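Chain order of the listed sequences is Y and Z. For the first sequence, position 60 matches number 75 in this note's numbering, and the numbering has no gaps at all. For the second sequence, position 9 matches number 24 in this note's numbering, and the numbering has no gaps at all.
It should be emphasised that the hints constitute simulated quantities derived from the structure, not laboratory data. All figures in this text were calculated on a predicted structure; none of them were measured in a lab. Each hint should be verified, as a subset may be incorrect.
For identical chains, the list gives no copy identity; a pair is met inside one copy or between any two copies.
[As the list claims (entries may be wrong)] The calculated lysine to aspartate or glutamate pairs, modelled on EDC-like cross-linking and capped at a C-alpha distance of 16 Å, are:
| id | residue 1 | residue 2 |
| --- | --- | --- |
| 1 | Lys197 | Asp96 |
| 2 | Lys197 | Glu155 |
| 3 | Lys197 | Glu20 |
| 4 | Lys66 | Asp96 |
| 5 | Lys136 | Asp96 |
| 6 | Lys197 | Glu37 |
| 7 | Lys66 | Asp146 |
| 8 | Lys92 | Asp65 |
| 9 | Lys29 | Asp96 |
| 10 | Lys197 | Asp87 |
| 11 | Lys66 | Glu174 |
| 12 | Lys136 | Glu103 |
| 13 | Lys66 | Asp87 |
| 14 | Lys29 | Glu133 |
| 15 | Lys66 | Glu182 |
| 16 | Lys50 | Glu37 |
| 17 | Lys136 | Glu33 |
Residue strings, one per chain:
2 protein chains.
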Amino acid sequence: MGRWEPNARERLAKAALELYGERGYEQTTVAEIAKRAGLTERTFFRHYADKREVLFDGASALQELFVNAVADAPEAKAPIDAIAAGLEAVSAVFVGRRGYSRQRHAVVVANAVLQERELIKLASLSAALADALRRRGVPEPAASLTAEAGVAVFKIGFERWVGTAEERTMAQLTRESLAELKAVTAGG
Amino acid sequence: MGRWEPNARERLAKAALELYGERGYEQTTVAEIAKRAGLTERTFFRHYADKREVLFDGASALQELFVNAVADAPEAKAPIDAIAAGLEAVSAVFVGRRGYSRQRHAVVVANAVLQERELIKLASLSAALADALRRRGVPEPAASLTAEAGVAVFKIGFERWVGTAEERTMAQLTRESLAELKAVTAGG
């Protein structure tokens, strides 16, 4: 390991996102990212496996947080309320990160390969949530359907949250999206 | 164009699925598929762009059918009931195809690249359904959430339908999955 670079990880992520936005994801090299961050390629590779990982860095931590909140919800809670507890927990992580998330979202939607990666991440989240619900004693297909509903609410809530001029918090938007999902499935 | 081969398309699909099941998808070549079907490689490529397309051949027709049924549902129907009409329409297509669908499903779940392709197909379906609902005057985020709910019901219904020893029809299982989704989102 080389010498310690203060905030290297964050500086690399910031530089990468700037370059992906300016030149496009495909057109950006790791060398350019490192240069923009004032660091070496070697330092980059100490923190990230490749330039894609910069964008999906937080995915497994987010999944773990969501799943743990579902698992830890009071036993008496209905499955959808356990999912709602998970949505609250993950929404807290997005506080203060709208600028970053908007930039990241613009990069992802502009690139088919990154969009696929995002879909895989969401499918993995759904499977993990269904598993957590089954461990709470929720039978199938209720567990899988509730998990899919939770991921849909998360996805739509997030897309609204990064929308232009949107000012409500991620927590507000996921709550509203969940309420809306309940309303539409009730046939309203 | 070469001479006309009776049922070439179906014979190639059947041969491909047999070989994917026996040897694995990655290990099977187009030459082997053509040989098994008693046809030439040239005939294969008149029908399919590559060996992956054999598995995703029906996806766009299915999406079109689903979307048209949603678009054509009586105006007075709630969004979720328009989606239910779409589920009924696509379920009819699966009648008599459980054996084929089970084989295909086994091949897809065994291969990460095919699973990704399946996720993309479902995301495309969801986007097309949301669009159909917006054209019915359904506002956002209700349109996207109802579309996501419909795709979740389709996905879970299908996974149950191809399950070992399952005998209920796709129509029954999607109806049951939709009823179950309504129950779980109601907090039941």
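Taking the hints in turn, this is what the structure says about them:
In this assembly of identical chains, Lys197 and Asp96 lie within 16 Å of each other by CA distance both inside one copy and across copies; the values are 12 Å within and 14 Å between. In this homomeric assembly, Lys197 and Glu155 come within 16 Å of each other (Cα to Cα) only across copies, at 14 Å, whereas the closest approach inside a single copy is 20 Å. Taking the closest pair of Cα atoms, Lys197 and Glu20 never come within 16 Å of each other, the shortest separation being 48 Å inside a single copy and 52 Å across copies. With identical chains, the CA atoms of Lys66 and Asp96 are never at most 16 Å apart, being 37 Å at best within one copy and 44 Å at best between copies.
In this homomeric assembly, Lys136 and Asp96 never come within 16 Å of each other (Cα to Cα): the closest approach is 23 Å inside a single copy and 30 Å across copies. In this homomeric assembly, Lys197 and Glu37 never come within 16 Å of each other (Cα to Cα): the closest approach is 40 Å inside a single copy and 44 Å across copies. In this assembly of identical chains, Lys66 and Asp146 lie within 16 Å of each other by CA distance neither inside one copy nor across copies; the values are 31 Å within and 33 Å between. In this homomeric assembly, Lys92 and Asp65 never come within 16 Å of each other (Cα to Cα): the closest approach is 41 Å inside a single copy and 49 Å across copies.
Proximity of Lys29 to Asp96 under the C-alpha cut-off of 16 Å is found in neither arrangement, the shortest distances being 36 Å within a copy and 45 Å between copies. In this assembly of identical chains, Lys197 and Asp87 lie within 16 Å of each other by CA distance neither inside one copy nor across copies; the values are 23 Å within and 24 Å between. Proximity of Lys66 and Glu174 under a CA criterion of 16 Å is satisfied in neither setting, with 23 Å inside one chain copy and 35 Å between copies. Taking CA atoms no more than 16 Å apart as the test, Lys136 paired with Glu103 passes in neither setting, with 19 Å inside one copy and 30 Å between copies.
In this homomeric assembly, Lys66 and Asp87 never come within 16 Å of each other (Cα to Cα): the closest approach is 35 Å inside a single copy and 45 Å across copies. Taking the shortest alpha-carbon separations for Lys29 and Glu133, neither the intra-copy value of 19 Å nor the inter-copy value of 33 Å comes in at or below 16 Å. In this assembly of identical chains, Lys66 and Glu182 lie within 16 Å of each other by CA distance neither inside one copy nor across copies; the values are 30 Å within and 47 Å between. In this assembly of identical chains, the alpha carbons of Lys50 and Glu37 lie at most 16 Å apart only when taken from the same copy (15 Å versus 50 Å across copies).
In this homomeric assembly, Lys136 and Glu33 never come within 16 Å of each other (Cα to Cα): the closest approach is 23 Å inside a single copy and 31 Å across copies.
The structure shown violates the earlier hints numbered 3, 4, 5, 6, 7, 8, 9, 10, 11, 12, 13, 14, 15 and 17.
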